[in-house]
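S.K.: Residues in the sequence shown are numbered from 0 upward in steps of one, following numbering that gives the first Met the number 0.
Hints listed in this document are in silico derivations from the structure and should not be mistaken for laboratory results.
Check each hint, because a few of them may be wrong.
Have a look at the derived ranges for each label pair, beta carbon to beta carbon [as the list claims (entries may be wrong)]:
| # | residue 1 | residue 2 | range |
| --- | --- | --- | --- |
| 1 | E357 | G135 | 24 to 34 Å |
| 2 | K378 | D401 | 15 to 25 Å |
| 3 | D469 | S448 | 14 to 24 Å |
| 4 | S503 | P413 | 41 to 51 Å |
| 5 | Q407 | E476 | 26 to 36 Å |
| 6 | F46 | Q407 | 54 to 64 Å |
| 7 | K442 | A404 | 20 to 30 Å |
| 8 | F46 | E476 | 50 to 60 Å |
Listed next, the in silico EDC-like pairs over lysine to aspartate or glutamate satisfying Cα-Cα at most 16 Å (straight line) [unchecked claim]:
| # | residue 1 | residue 2 |
| --- | --- | --- |
| 9 | K365 | E145 |
| 10 | K49 | D356 |
| 11 | K400 | E433 |
We treat Cβ as the ideally placed atom computed from N, Cα and C, and that holds for glycine.
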Amino acid sequence: MEQAVRNPDVKTLLLAMLVSALPGCATLQGAPDAIINLAGKSTQSNFQGKYLEQEEVRRHFALDRQHGQNLRLSYDGRSLPANEIRQQNLVVIPALQTYLQSIVVRLGKGWPGELPPLQVKVIDSYTFGPSADPYGNLFVPLGMLEGVESEDEIAAMLAHEMSHVLLRHHDRRLAFDQQRELLTNIATTAVIAATVADTRLQRGASQWTLISKDPQATQKVIGDTVLYTALANTFSDNVWNTAWGRAQEDQADLLGTDLLVKANYAPRGASHSLQRLEDFQGKQKPVLGSFLQARKGAMQDSLKRLDLNSFTQEIDTFLNQGLATTVTAVGEHLTRSHMSAQRRDTDLRQYLQREYDEQRYGRVDKRSWRKVRDNPTVKASLEAYRNAYGANEALGQKNLKDARALAQRALRSPVANQPGIRRSLFNVHMAAGERKQALAQLKAIGDWSLAGPGVYEQLINQHLGSGNADAALAAIEQAERHLGSEELFIVEKMLANKLKRNESEFRVLGEKCKEMPNRKDVCKKVA
Numbered sequence: 000m001e002q003a004v005r006n007p008d009v010k011t012l013l014l015a016m017l018v019s020a021l022p023g024c025a026t027l028q029g030a031p032d033a034i035i036n037l038a039g040k041s042t043q044s045n046f047q048g049k050y051l052e053q054e055e056v057r058r059h060f061a062l063d064r065q066h067g068q069n070l071r072l073s074y075d076g077r078s079l080p081a082n083e084i085r086q087q088n089l090v091v092i093p094a095l096q097t098y099l100q101s102i103v104v105r106l107g108k109g110w111p112g113e114l115p116p117l118q119v120k121v122i123d124s125y126t127f128g129p130s131a132d133p134y135g136n137l138f139v140p141l142g143m144l145e146g147v148e149s150e151d152e153i154a155a156m157l158a159h160e161m162s163h164v165l166l167r168h169h170d171r172r173l174a175f176d177q178q179r180e181l182l183t184n185i186a187t188t189a190v191i192a193a194t195v196a197d198t199r200l201q202r203g204a205s206q207w208t209l210i211s212k213d214p215q216a217t218q219k220v221i222g223d224t225v226l227y228t229a230l231a232n233t234f235s236d237n238v239w240n241t242a243w244g245r246a247q248e249d250q251a252d253l254l255g256t257d258l259l260v261k262a263n264y265a266p267r268g269a270s271h272s273l274q275r276l277e278d279f280q281g282k283q284k285p286v287l288g289s290f291l292q293a294r295k296g297a298m299q300d301s302l303k304r305l306d307l308n309s310f311t312q313e314i315d316t317f318l319n320q321g322l323a324t325t326v327t328a329v330g331e332h333l334t335r336s337h338m339s340a341q342r343r344d345t346d347l348r349q350y351l352q353r354e355y356d357e358q359r360y361g362r363v364d365k366r367s368w369r370k371v372r373d374n375p376t377v378k379a380s381l382e383a384y385r386n387a388y389g390a391n392e393a394l395g396q397k398n399l400k401d402a403r404a405l406a407q408r409a410l411r412s413p414v415a416n417q418p419g420i421r422r423s424l425f426n427v428h429m430a431a432g433e434r435k436q437a438l439a440q441l442k443a444i445g446d447w448s449l450a451g452p453g454v455y456e457q458l459i460n461q462h463l464g465s466g467n468a469d470a471a472l473a474a475i476e477q478a479e480r481h482l483g484s485e486e487l488f489i490v491e492k493m494l495a496n497k498l499k500r501n502e503s504e505f506r507v508l509g510e511k512c513k514e515m516p517n518r519k520d521v522c523k524k525v526a
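Let the hints inform the model, and build the full structure from the sequences given.
M.R.: Shown next as C-alpha cells:
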C-alpha cells in the first residue's frame with residue numbers, strides 16, 4: 000500500500016506543476032523597471048478644456064459591439080479565463096447594495112454616450128481602493144467603506160472605476176494579474192503536494208479507498224498556506240492596482256471628476272479619497288512584508304512533506320528576491336513618482352482650478368452616508384465582517400484565543416452564513432486541529448454563488464486531504480457553475496480523477512487543459 004502512495008505518475012504530476020510555475024518568476028523581477036519607467040508629464044497638462052470633451056474620450060461614446068461579443072461566456076457558461084475571475088467573496092447587505100447602485104446610476108447620467116451595464120458588488124476585502132472588471136462589475140471592498148466619511152468620497156472612487164470601464168482600460172493590470180496568478184498557483188501546488196504526500200491507497204473488498212496518514216499535521220500546513228496566501232493577496236492587491244498604468248489612472252481621475260461634477264457631487268470628495276489612499280498605502284507596506292514571510296514558511300512546510308527540497312530552495316529565492324524586490328520598488332515609485340496618491344491629488348486640484356473653479360468649493364455631504372452606515376442591519380453586518388477579518392489577523396499572529404472569540408462574535412449577525420464569515424470559523428478550527436468542525440463551517444455556507452476561489456479551494460482541499468475524491472469533484476463542479484470557469488480547478492480535477500484511477504477521464508481533461516492559455520504548459524507535462 001505504501002508503494003501505491005509513491006506512484007510515479009502522481010509524483011510526476013506534482014513535479015510538472017511546480018516546474019512549470021517557476022520559470023515565470025523571471026517576468027516578475029522585470030516588473031519594477033516597468034513601473035518606475037512610467038513617470039512623465041501628467042495627462043491634464045496635455046490638453047485644454049474638459050477631459051470629457053476631448054476626442055480621445057468621444058470615440059468611446061459608442062459601445063464596441065464586437066468587443067462586447069468577445070466578452071461573453073460560451074454557451075456552457077464555463078469559458079471565463081482563470082485570470083479574469085472574481086477573486087474575493089461577495090458580501091450581500093441589501094440596503095447597502097441599493098445605496099451604492101443608486102450612486103452609480105446618478106453618475107452614469109453624466110456620460111453623453113452609450114452606457115454599458117454597470118453593477119456594484121461589495122467584496123470581502125480590506126483594501127481601500129475599489130476596482131472594476133471588463134464586464135462592468137464595480138467591486139467595492141469593505142475596507143473602503145470603513146475608511147470613507149461621505150457619499151462624495153464614495154462617488155469619487157466609483158466614478159474613477161466607472162471611467163476605467165468607459166475608457167476600456169481592461170488590460171491595465173494584465174502584467175500584475177499574471178504575476179498574482181503565478182503566486183497563487185505556487186501556493187496551490189504546495190497544498191496539493193502536502194495532500195498527496197499524506198495520502199495512501201488502501202484496497203478494500205470491492206474498491207480502492209484513500210487514507211490520510213497524518214491528517215492533523217497535513218491540515219495544519221494546508222491551513223497555513225491558504226491563510227497566508229489570502230492575507231498577502233489582500234494587502235498587496237491595492238498596491239498593484241494603484242501603481243500600474245500611470246496614464247490610465249490619470250485619465251480615470253479626469254473623467255471621474257467630470258462625471259462627479261455633472262452629478263452635483265463635491266469635487267473635493269476625490270481629494271479626500273486620494274489622501275486616505277496615501278495614508279492606507281503607508282500603513283500597508285510593513286504588514287504586507289510580515290505576511291509574505293509567514294506565507295513563504297507555510298509553503299516550504301507543505302513542499303518538504305514531499306521532499307522537494309531543491310524546489311523549496313528555488314521558491315525561497317523567488318519570494319525573497321522576486322516579490323520582495325517588486326513590493327519595494329512599487330512602494331518607492333508610489334512615494335517619489337507621478338503615480339503617488341499625493342501627486343494625483345495635486346494634478347487633480349490643478350484641473351479643478353482650471354475647469355471647475357466655482358464647483359470646487361462645494362460642500363461635502365456626510366449625512367447621507369452616515370444614515371446608511373448606521374442602519375441597524377448594515378451596521379451589524381459590517382461589524383460581523385470586521386470581526387471575521389480580525390479573527391484572521393489574530394491567527395496570523397498565532398493568537399488562537401482572540402481569533403476564536405472574534406469569529407464566534409461574527410456569527411451573531413445577519414450575514415452569519417455568508418462565505419467570508421464561515422471562512423474565518425474554518426480557519427480557526429483548522430488552526431486548532433479541529434478538522435471535522437472546520438469542514439462543518441464550510442458546509443454551513445448558505446449561498447455558494449457568493450464564494451470566491453479561495454473558499455472553494457479550501458473545500459476542495461479538505462475533501463482531497465480526507466481522501467474523498469468524489470466530494471472534491473462535486474465541489475469543483477459547483478465552483479465551475481458559480482465562477483463560470485472550468486479552467487480554475489482543472490488541475491485539481493485531474494488529480495482527483497488520477498487518485499480515483501479514472502484514466503479515461505484523466506486523459507480527456509488533459510487534452511482539454513492543453514487548450515487553456517493559463518494552464519496549457521502544466522497540462523502538456525501532466526497529460
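S.K.: Work down the list of hints and note, for each, if the structure agrees.
M.R.: Hints, verified against the model:
Judged by the Cβ atoms, the range 24 to 34 Å given for E357 and G135 holds: they are separated by roughly 32 Å. A hinted range of 15 to 25 Å holds for the C-beta pair K378 and D401, which are about 22 Å apart. Separation of D469 from S448 is about 22 Å and conforms to the stated range, judged on CB atoms against 14 to 24 Å. Between S503 and P413 the C-beta distance comes to about 47 Å, which sits within the given range of 41 to 51 Å.
For Q407 and E476, the hinted distance range of 26 to 36 Å is satisfied, since their beta carbons lie about 32 Å from each other. About 56 Å separates the C-beta atoms of F46 and Q407, a value consistent with the hinted range of 54 to 64 Å. With their beta carbons about 23 Å apart, K442 and A404 fall inside the hinted range of 20 to 30 Å. Distance hint for F46 and E476: a CB-CB separation of about 52 Å, consistent with the stated range 50 to 60 Å.
This hinted pair checks out: K365 and E145 have alpha carbons roughly 14 Å apart, not beyond 16 Å. For the suggested pair K49 and D356, the alpha carbons sit about 12 Å apart, so the restraint of at most 16 Å is met. A hinted pair counts as satisfied when its Cα atoms are at most 16 Å apart, and K400 with E433 qualifies at roughly 14 Å.
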